[in-house]
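Peer 1: Given these sequences and hints, build the entire structure.
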Amino acid sequence: MGISIEEMNNMQLDVLKEIGNIGAGNAATALAKMVNRKIDMNVPKVEVLEFKEVTELLGGAEIPVCGIYFDVDGDLTGNIMFLLTMKSSRILANMLLYKEDNSEILDEIDQSALQEIGNILSGAYISSLTALTGLNLKISIPSLSLDMAGAILSVPIIQYGQVGDKVLLIETEFNEGDDNIKGYFFLVPDVDSFEILLKSLGVLE
Amino acid sequence: MKEMIKVGMADLNVTKGDAGLTTLGLGSCVGVTLYDPITKVVGLAHVMLPSSKTIRNNTNPAKFADTAIVLLLEKVLKLGANQRRLVSKLAGGAQMFAFANKNDIMKIGERNTLASKEILKQLNIPIIAEDTGGNYGRTIEIYGDTGILLIKTIGQGMKQI
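Quick mapping for you: the protein sequence lines, in order, are chains A and B. 1 is the number of the first residue of the first sequence in the numbering used here; add one for each residue after it. 1 is the number of the first residue of the second sequence in the numbering used here; add one for each residue after it.
Source of the hints: derived by calculation from the structure; they are not laboratory data. One or more of the hints may lead you astray.
What the hints assert, rightly or not - Estimated spans, in silico, between C-beta atoms of each pair:
#	chain 1	residue 1	chain 2	residue 2	range
1	B	Asn60	A	Asn102	22 to 28 Å
2	A	Val203	B	Leu71	33 to 39 Å
3	B	Ala19	A	Glu104	31 to 37 Å
Unchecked claim - Within a straight-line C-alpha distance of at most 30 Å, the following computed DSSO-like cross-link-like pairs (lysine-lysine) qualify:
#	chain 1	residue 1	chain 2	residue 2
4	B	Lys121	B	Lys16
5	A	Lys199	B	Lys53
6	A	Lys166	A	Lys138
7	A	Lys52	B	Lys159
8	B	Lys40	B	Lys6
9	A	Lys182	B	Lys6
10	B	Lys53	A	Lys52
11	B	Lys40	B	Lys152
Just so we're clear, the structure is a prediction, and the values are computed from it rather than from any experiment. Just so you know, even glycine gets a beta-carbon here, dropped at the ideal spot from N, CA and C.
Peer 2: Here's what the structure looks like:
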């Protein structure tokens, strides 16, 4: 039987939050290396939220956002979703492609750049998870979608919905010069995988 | 401006006459509507998962196709609809991300649509229009006075069914 976020005790949640912190930290370092710039990171916020609070956080269900989705396979299965506001997507794409483009539309090359960024960030995230848990994990190639926040969020929310009514959200803020990039990680283990994860971290019998 | 009642994720609501019901940013979830053209009673459910039976945490009936549609039916009947006149429209059930391999969860949109159709069939409620599948999000609005379902998207235009 799967364990839901609501059923977890404080220690288990703290451990998941700490993993979020470390993973996001590694992701920021990887991003800095990739774009060859100094990237500052604020302490990530890790929250357990009701479904509707997640869309509200992004400014509403109809706001366009960029979602990058990965399959996780190995000792545990699930997904990782990296979500960016459109403004942050533009800044990141420009950074990687060394250009100054103010267009609100992300063309194919921009999207491909964002997939690559998603790849690096999620890879960094997963490798810290692997190091901490000793689990063998690998991630798939990314799949990107630009659409309404509600529609994109429905994917991780449905997965969480199978065991409960809340999701675990990791909010990360990167800063480069005056640019401020807001990204959100969703760690979405499959129904039985939260248990494997918590056991590997020694916080579940 | 007519009154527009918002229906959240894993939620449902009913209204009558001039007012409308809306749900924003449907992805893999399915919007199921019931409408009685004579009494102008309309209902909308934002269904998240196909079945309450395979899931342990099933305290919210509005979350699952099987329990949500039955509850929605009760509510429209209570508001004065006649079951024999009820018609249904469906929208949503998209697959937002494309993956070559595995797995059931990525096909959840399709499974939500199929489960909703199955329940409607059991209840003898005809589906007169649908806009399901694809890989894009939808905002939908249904109006009590006409029963028209308006579908808005980003990049795929707007349509009425």
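Peer 1: Quick one, are Lys182(A) and Lys6(B) close enough, alpha carbons at most 30 Å?
Peer 2: Answer holds: Lys182(A) to Lys6(B) is near 28 Å, not above 30 Å.
Peer 1: Taking only the CA atoms, is the gap from Lys53(B) to Lys52(A) under or equal to 30 Å?
Peer 2: 24 Å, holds
Peer 1: For the pair supplied as a hint, Lys40(B) and Lys6(B), is the alpha-carbon distance within the 30 Å limit?
Peer 2: 18 Å, holds
Peer 1: For the pair we were handed, Lys40(B) and Lys152(B), check the Cα-Cα distance against 30 Å.
Peer 2: 23 Å, holds
Peer 1: When you take the CB atoms of Ala19(B) and Glu104(A), is the distance between them in 31 to 37 Å?
Peer 2: Given about 34 Å between the Cβ atoms, the range holds.
Peer 1: Under the criterion that the straight-line Cα-Cα distance not exceed 30 Å, is the pair Lys121(B), Lys16(B) satisfied?
Peer 2: 24 Å, holds
Peer 1: Quick one: are Asn60(B) and Asn102(A) within 22 to 28 Å, going by C-beta?
Peer 2: Violated: the Cβ-Cβ distance is about 44 Å, outside 22 to 28 Å.
Peer 1: Does the alpha-carbon distance linking Lys199(A) and Lys53(B) stay inside the 30 Å limit?
Peer 2: 28 Å, holds
Peer 1: So does Val203(A) sit 33 to 39 Å from Leu71(B), Cβ to Cβ?
Peer 2: 38 Å, holds
Peer 1: Next pair to validate is Lys52(A) with Lys159(B); report whether the Cα-Cα distance is within 30 Å.
Peer 2: 26 Å, holds
Peer 1: Are the Cα atoms of Lys166(A) and Lys138(A) separated by 30 Å or less?
Peer 2: The hint holds at about 26 Å.
Going down the numbered hints, you'll see the structure goes against just number 1.
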